[in-house]
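Guided by the hints, dock chains B, G and Y with the ligands onto chain F, whose structure is given.
Chains F, B, G and Y supply the protein sequences, listed in that same order. For the first sequence, this note's numbering assigns the number 37 to the initial residue and increments by one for each residue that follows. For the second sequence, this note's numbering assigns the number 37 to the initial residue and increments by one for each residue that follows. For the third sequence, this note's numbering assigns the number 344 to the initial residue and increments by one for each residue that follows. For the fourth sequence, this note's numbering assigns the number 344 to the initial residue and increments by one for each residue that follows.
FYI, nobody ran anything at the bench for these hints, they're computed from the structure. This structure is a prediction, so every number in the text was calculated from the model and none was measured. There may be inaccurate statements among the hints.
[Unchecked claim] Interface residues of chain F toward chain G, partial, derived using beta-carbon atoms under 7 angstroms:
| # | residue |
| --- | --- |
| 1 | Ile168 |
| 2 | Asn239 |
| 3 | His375 |
| 4 | Asp376 |
| 5 | Gly383 |
| 6 | Gly391 |
| 7 | Met396 |
| 8 | Ala405 |
| 9 | Ala406 |
| 10 | Ile434 |
| 11 | Gln438 |
[As the list claims (entries may be wrong)] Calculated lysine-lysine pairs in the BS3-like style (CA-CA distance at most 30 angstroms, straight line):
| # | chain 1 | residue 1 | chain 2 | residue 2 |
| --- | --- | --- | --- | --- |
| 12 | B | Lys143 | F | Lys143 |
| 13 | Y | Lys433 | Y | Lys370 |
| 14 | G | Lys473 | F | Lys437 |
| 15 | G | Lys473 | G | Lys425 |
| 16 | G | Lys370 | G | Lys473 |
| 17 | G | Lys433 | G | Lys370 |
| 18 | Y | Lys473 | B | Lys437 |
| 19 | Y | Lys370 | Y | Lys425 |
| 20 | G | Lys425 | G | Lys440 |
All residues carry an ideal CB built from backbone N, CA and C; glycine is no exception.
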Amino acid sequence: MLAAKADFPLLGTTMRGRSLVYLDSAATTQKPRAVIEALTRAYECGNANVHRGAYELSERATALYEETRERVARFVGAGDPREIVFTRNATEAINLVARSWALATLKQGDELIVSEIEHHSNLVPWQEVARITGARLSHLELRPDGTLDLGAMTSRTKLVAVTGASNVLGTIVPVRRLVGMAHAVGALVLVDGAQMVPQMPVNVTELGCDFLAFSSHKMLGPTGVGVLWARRELLEAMEPIVFGGGMIREVWRGGSSFGEVPWRFEAGTSSYAEVVAFGEALRYLGTIGMAAVREHEKTVAGYALGRLLDDGRFELYGPLDPEIRAGVVSFNFGAIHPHDVATILDGEGIAVRAGHHCCMPLMRKLGVAATVRASVYVYNGQEDIDRLLSAFGQVERIFGKQRRGACRTDLSSGLAPGSIEVAGQGR
Amino acid sequence: MLAAKADFPLLGTTMRGRSLVYLDSAATTQKPRAVIEALTRAYECGNANVHRGAYELSERATALYEETRERVARFVGAGDPREIVFTRNATEAINLVARSWALATLKQGDELIVSEIEHHSNLVPWQEVARITGARLSHLELRPDGTLDLGAMTSRTKLVAVTGASNVLGTIVPVRRLVGMAHAVGALVLVDGAQMVPQMPVNVTELGCDFLAFSSHKMLGPTGVGVLWARRELLEAMEPIVFGGGMIREVWRGGSSFGEVPWRFEAGTSSYAEVVAFGEALRYLGTIGMAAVREHEKTVAGYALGRLLDDGRFELYGPLDPEIRAGVVSFNFGAIHPHDVATILDGEGIAVRAGHHCCMPLMRKLGVAATVRASVYVYNGQEDIDRLLSAFGQVERIFGKQRRGACRTDLSSGLAPGSIEVAGQGR
Amino acid sequence: MFPEPAVDGLYRELILHHYRCPCNRGKLDPADAAAHAVNPLCGDEIDLTLRHHGGTIADIRTQGRGCSISLASASMMTEAVKGRTVERAKELIETFKRLMSGGLPSSALPVELEELEALEGVRSFPVRIKCALLAWTTLVEALDDLQRRRCREPGRIAAVRAAGDPDGAEGVAPGDQGP
Amino acid sequence: MFPEPAVDGLYRELILHHYRCPCNRGKLDPADAAAHAVNPLCGDEIDLTLRHHGGTIADIRTQGRGCSISLASASMMTEAVKGRTVERAKELIETFKRLMSGGLPSSALPVELEELEALEGVRSFPVRIKCALLAWTTLVEALDDLQRRRCREPGRIAAVRAAGDPDGAEGVAPGDQGP
Ligand SMILES: Cc1ncc(COP(=O)(O)O)c(C=O)c1O
Ligand SMILES: Cc1ncc(COP(=O)(O)O)c(C=O)c1O
Ligand code: FES
Ligand code: FES
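Next up, chain F with everything else stripped away, as it sits in the complex (with noise of 0.2 angstroms):
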């Protein structure tokens, strides 16, 4: 593996009387002993309000809550601090892309571009923008080799809202391509990020795209905090939508001015030692080095791929070439419910991610209920997927042998896409 497990408290535990193998790094990965130890240090040695005092304590930690800010900058390659907003998570901050910006932005006739495979983060909050301006919701469809086809934009299309890298498929979306196609038509691009920046090198200047959305809790850093980068422009010209300290200008009874970027935006007392710890995390992997990262990534994820097609036992969805796909292989068992595999591998000490993973109608789409997805991250290594597949022996002697599974990728092998398969359904 990449990252010593010795670094990661928990990753040392035993989980019913076995060593714990994490393959759940796609809902949130664990913590290196650095980012934890930052996170003490913060209360210990620089606690206090950011922002607001005069007082070396309260300096310090302004100090170092900005200085966080410069590093997630850096980190996604954005040429100004104040382009970065501190959120509580990655839905909060596209949320706030679609309460301010789009609210204010779109109107009836507009379209607005999503596509099959987004979390319920990167797709509810633009069926509400639809539903209040009368926007047009479209979605870019998934083909059968697990890609997206990007379709057409057109002068009406105003917002194309993407993932970087699908958080069930593993499928990296080809980002620049779609930047180019949504500016040639004068859209805008937001990137849900949550999968992609953990995940691979990401430059916003490089990509081109308008808005990115990450979460701190998916690459090593703590919950609580999230981050949305737009283009300074964009952000100028938002509206606050959550009102209070630390994000005015002036108040009077009557009414208030507004600060200035990113200020604004982050309302009440900032999430002071998270954000501090997260800078901690982006420094751990910094040391890695984010090309490494995605190498590592590609090597375990295409061994798991590798190794489940051999078995033959399992049903699998996303693309097959590792250059398009993330850490991330979701699979099915037989017949066998998702959510009884998942108990049954917990109970041999590894941690798998049963269900629709927040993205139901990319469930529909495949014609599955739910799928078993274990995704990887710097500290897991070939041996933890070993682990995995000589655990379904548990399952099937709990639920008899299954059946011969099948490479899902192609949907269109047998099935119309869109129809209801149920999950290894006497394939």
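Using the frame of chain F, we list chains B, G and Y with the ligands on its own:
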């Protein structure tokens, strides 16, 4: 003091060579070791995305998260944990009511009442609601004795949003009386409990209010967690305002249905570790007992008030009766700008706050640009107040002897309320 | 810090049996009452239909998709309430809920629920409790439906309420997913 | 972990002198350009007025309220730019900003800014840097205002733009707060 300073790692540190005297707890409190360790433990022993996983690790996390919700409910006397919504801070909690409940409820001609002593976080959201709905925003006036004139309500009054305790004057507002008046005309009451809940026993059933907002970081807990308590039937009727993972019931391409309260209001990955550590803070406060906290605040703040008054060089703001005063003392020192005072005190190792304290309209009412504020909590004792007072020798060394101050609780003495009187200028 | 419940205590033989060979699968048409429910945690769905005669649940069927726990629980539920009066069924629902919340030892189960003891292991797997409860809370809704219909229109119901899927474009109806 | 800057390095004699006896306080009426600014951190305000003649800043005044650092900085600023050309004033603004951001040692200050060396200590107190910069960023706005007015209406300005306070009810105007 009530709690051992040794429990709070930061209080043992030195600041500019002197042992730290922390007198800014109204901004944010220091954290006991138990809370910091709970945070560490959350990441080292039970870190997983809550509400999502079928595996042990995630179940642990979910259980701890939901147990904290129950603990919060008990702490404020709520009958049902489903009345507790976790937000980022008190500001977001108030904004949730403003955007979801108030925008859907208020209309032109309705009246919204706040007070002249509100923090921006409980004023600016209502200015926005008034602006959007056309409702009228009225202000309960501050009386010369530092208390509020409860004014009159009519059948047009729909909401009274008032702080439970002022973060500048310390004034404890008679919430129960206000609730009686409001309910008599069919209006609801939102209590900004950011200063009240940390300082005294609060029981929403006894208070009778309809909404209560507060922040973890002001009551020994970590940053990144706020709470909205609302009566169940009100929450049930409220629409969500942030959309995404975790708050839905079913999602289709074109639309979605939303989940149950309170989860409907908690979109995206929860601030799991912070919430759980907040639970530990509540346990710590529970061991002390909130009645004891209140007594302690009264004693220490009363001692500070007495010493500042006797000294004669200070101008004081807020009620003199300790029974209606929380652990906050605001003052000015001659003509010296509060920020200069704070910087010099900082040099003596004493952390106080200077500024408008997010209460610009109140500053105008008091006729000052800013005040110095010393606020105390469970770890402060009289010796901290003694250090504070003796440090003013240094202020005088730098800025020269100060003329006598005055008690500005009585606004009527010589000053028409509302006129600006520059702090200390030529009096 | 936490006790570690054994997976074997969850997947008891009786559960696996009900899962493989469920009782009372399908859909009654016409029916006197129906209900549709979703487990929001996983998106699994259940459709319940029942016929009512002389104060008792004369017949009952379930279909939908779910994990072994939910399908087994649905199967046992139908067996437990079929032929019982509506009042007794309501009591059994409450009893089962108390078993799941830990408020009742399995030794105290009434004779109709004896088999349900097999689901006691679910208590150690909190997220799966919703699976076990799904069929039972759906029965509550169906009984409410029954009461409403009996007040308004005492006749039989021609068509069971269709499960809602506003996505006309996809034309998806919740399928039946037995093993 | 952090160096601990001394408070004495902040409150230098020269600063306290400018604070007690500020230069060029008040308001020019008529003026050729004006600007009003607020330090959002503390709510302190400054009003700046200036007169322009033959390419130079012929006269300049400030009033408002603020801490010793901001009042001293305003006083020194007016002394530094009075009588200088607009271009030179702009250069001096940039130079001072660089001093504050740590990009310039005080030894490299041009002669017009020599006194400003006294403000070097502010660099160790980051929240107070805004105090020191307030007058200077207000001058930037006033020079912008000057340029706009010279393009549109070359004549003198009768009334200086009033500082904004929408709270008619309170009738508050930002007062002058010298010590
Ligand atoms: C009275 C009052 N209300 C609201 C707030 C806002 O709290 P937060 O910044 O945690 O949202 C504060 C604290 O700053 C406060 O003192
Ligand atoms: C693709 C994608 N988008 C958005 C999110 C939402 O992230 P968060 O829950 O941190 O807001 C997630 C993670 O759950 C995700 O995988
Ligand atoms: S996992 Fe869906 S009902 Fe059990
Ligand atoms: S504190 Fe307001 S300008 Fe310095």
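Evaluation of the provided hints:
no.	hint	result
1	Ile168	violated, 17 angstroms
2	Asn239	violated, 36 angstroms
3	His375	holds, 4 angstroms
4	Asp376	holds, 5 angstroms
5	Gly383	holds, 3 angstroms
6	Gly391	holds, 5 angstroms
7	Met396	holds, 6 angstroms
8	Ala405	holds, 5 angstroms
9	Ala406	holds, 6 angstroms
10	Ile434	holds, 5 angstroms
11	Gln438	violated, 11 angstroms
12	Lys143(B) / Lys143(F)	holds, 24 angstroms
13	Lys433(Y) / Lys370(Y)	holds, 21 angstroms
14	Lys473(G) / Lys437(F)	holds, 27 angstroms
15	Lys473(G) / Lys425(G)	holds, 22 angstroms
16	Lys370(G) / Lys473(G)	holds, 23 angstroms
17	Lys433(G) / Lys370(G)	holds, 21 angstroms
18	Lys473(Y) / Lys437(B)	holds, 27 angstroms
19	Lys370(Y) / Lys425(Y)	holds, 15 angstroms
20	Lys425(G) / Lys440(G)	holds, 18 angstroms
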